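Given chain R, work out where chain E should sit, using these hints.
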Amino acid sequence: MSEGAEEIRQIYRNYLTEELAKPEVSQAGKRLAASFSVKPAVIFEPASCAALCLLAAAFFFFYQIQPRPRAVILPDAPPPVMVKKVFSRTGSTMVYQKNHPDIPITVIWVFPGGLAK
Amino acid sequence: MQDPDHALVHDAKNGNQAAFGKLVNLYYKMVYAIAYGVLNHSEAARDTAQEVFLKVFREIRNFEQKSKFKTWLYRIAVNTAIDEARKKRPLESLDRRDDQDNEKPVFIPRDDSPGPRDLAYQSELREVLKRALDELSPEHRAVMVLREFQDLSYEEIAEMLKIEIGTVMSRLFYARKKLAEILSPKMGGTKTR
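Protein sequences appear in the order of chains R and E. Here the first sequence stands for residues 114 to 230, numbered as in the numbering used here. Here the second sequence stands for residues 15 to 207, numbered as in the numbering used here.
Chain R extracted, bound-state conformation (with noise of 0.2 angstroms):
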């Protein structure tokens, strides 16, 4: 090789020595091997995950066998109450709640015909 050849070469080797010499290479290169080499958490383990879903079902099943509030017919018509909630002023269907101090009152009333105008 010239002497002006073999120069270039050792300038250009010298550009990238330079280049990888900088503090941000190494930190990126140490930062990319400890990628791989983190382990997950453990709750992601298998085994974590299986007692979580069996937790999860537990939960579920026990949820669903708890007893649910049952309708309950009066006799007679309930006392006077204040309406607090309207879900419906128009169509065929209207709802209001009461939380009477003793029964809570939900009534639905369902015009089949619609509203006469």
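Worth double-checking, as some hints may not be accurate.
[To be verified] Computed Cβ-Cβ distance ranges for the label pairs, DEER-style:
1. E:D25 <-> R:P136: 41 to 49 angstroms
2. R:I178 <-> E:F77: 48 to 56 angstroms
3. E:E178 <-> R:P136: 21 to 29 angstroms
[Unchecked claim] Selected chain R positions facing chain E (in silico; Cβ < 7 angstroms):
4. A118
5. Y128
6. R144
7. A146
8. A169
9. A171
10. F175
[Stated by the list, open to error] Footprint (simulated), chain E over chain R, 3 or more residues, beta carbon under 8 angstroms:
11. 119 to 125
12. 129 to 142
Calculated from the structure, these hints are not laboratory results. None of the values given here were measured: they were computed from a predicted structure. Yeah, the Cβ is synthetic: ideal placement off N, Cα and C, and Gly gets one too.
Chain E in isolation, oriented as in the chain R frame:
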């Protein structure tokens, strides 16, 4: 000759991520050097180096260890970098200055005395070299970095890039000639005392 990384690669193939992390530590700078040599841009080289190791991570199970790991890694690195450079090719170099086309060659007088002036000279030379490398194609820069920095043989480079040995030599000749044309006037000049 057995691959010096055989044990680590074997563990990595079997899913040992810590072993793969060690391979990254061993070879990151080599991969970065190839990426930077081809792309001539720091950020792009960092992104490409990361992509190379992600590819290797995905494919290592299929690596049959018939060749050395390093050789396989070289091939992935240089081809990924060239592919990346081709994607960016229609765009200007990210480091290119707007006034580059109008720039006249700068005569930098040579000064052998040590100290700040020498550092300034080296810094200018680096900038000139960087711009000179931008004028080469990624394929020419690939041959340059593999031969002039990684010291690979013509045969190794030809096999890696899937080209003829003659093509390797002609690309290298062209790249050296181009750099000499741009750099030589800037390296000359009178010595100052």
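Here is what the structure says about each hint:
1. E:D25 <-> R:P136: 41 to 49 angstroms: violated (30 angstroms)
2. R:I178 <-> E:F77: 48 to 56 angstroms: holds (55 angstroms)
3. E:E178 <-> R:P136: 21 to 29 angstroms: Check failed, 40 angstroms falls outside 21 to 29 angstroms.
4. A118: holds (6 angstroms)
5. Y128: holds (5 angstroms)
6. R144: It is violated, given that the least Cβ distance between R:R144 and chain E is near 9 angstroms, above 7 angstroms.
7. A146: Hint on R:A146: holds, closest Cβ of chain E at ~4 angstroms, below 7 angstroms.
8. A169: violated (29 angstroms)
9. A171: Nearest chain E Cβ about 33 angstroms off; hint violated.
10. F175: This interface hint is violated because 39 angstroms lies over the 7 angstroms limit.
11. 119 to 125: holds (count 5)
12. 129 to 142: Since three or more residues must qualify, the claim that chain E covers the stretch 129 to 142 of chain R holds, with 10 doing so at under 8 angstroms.
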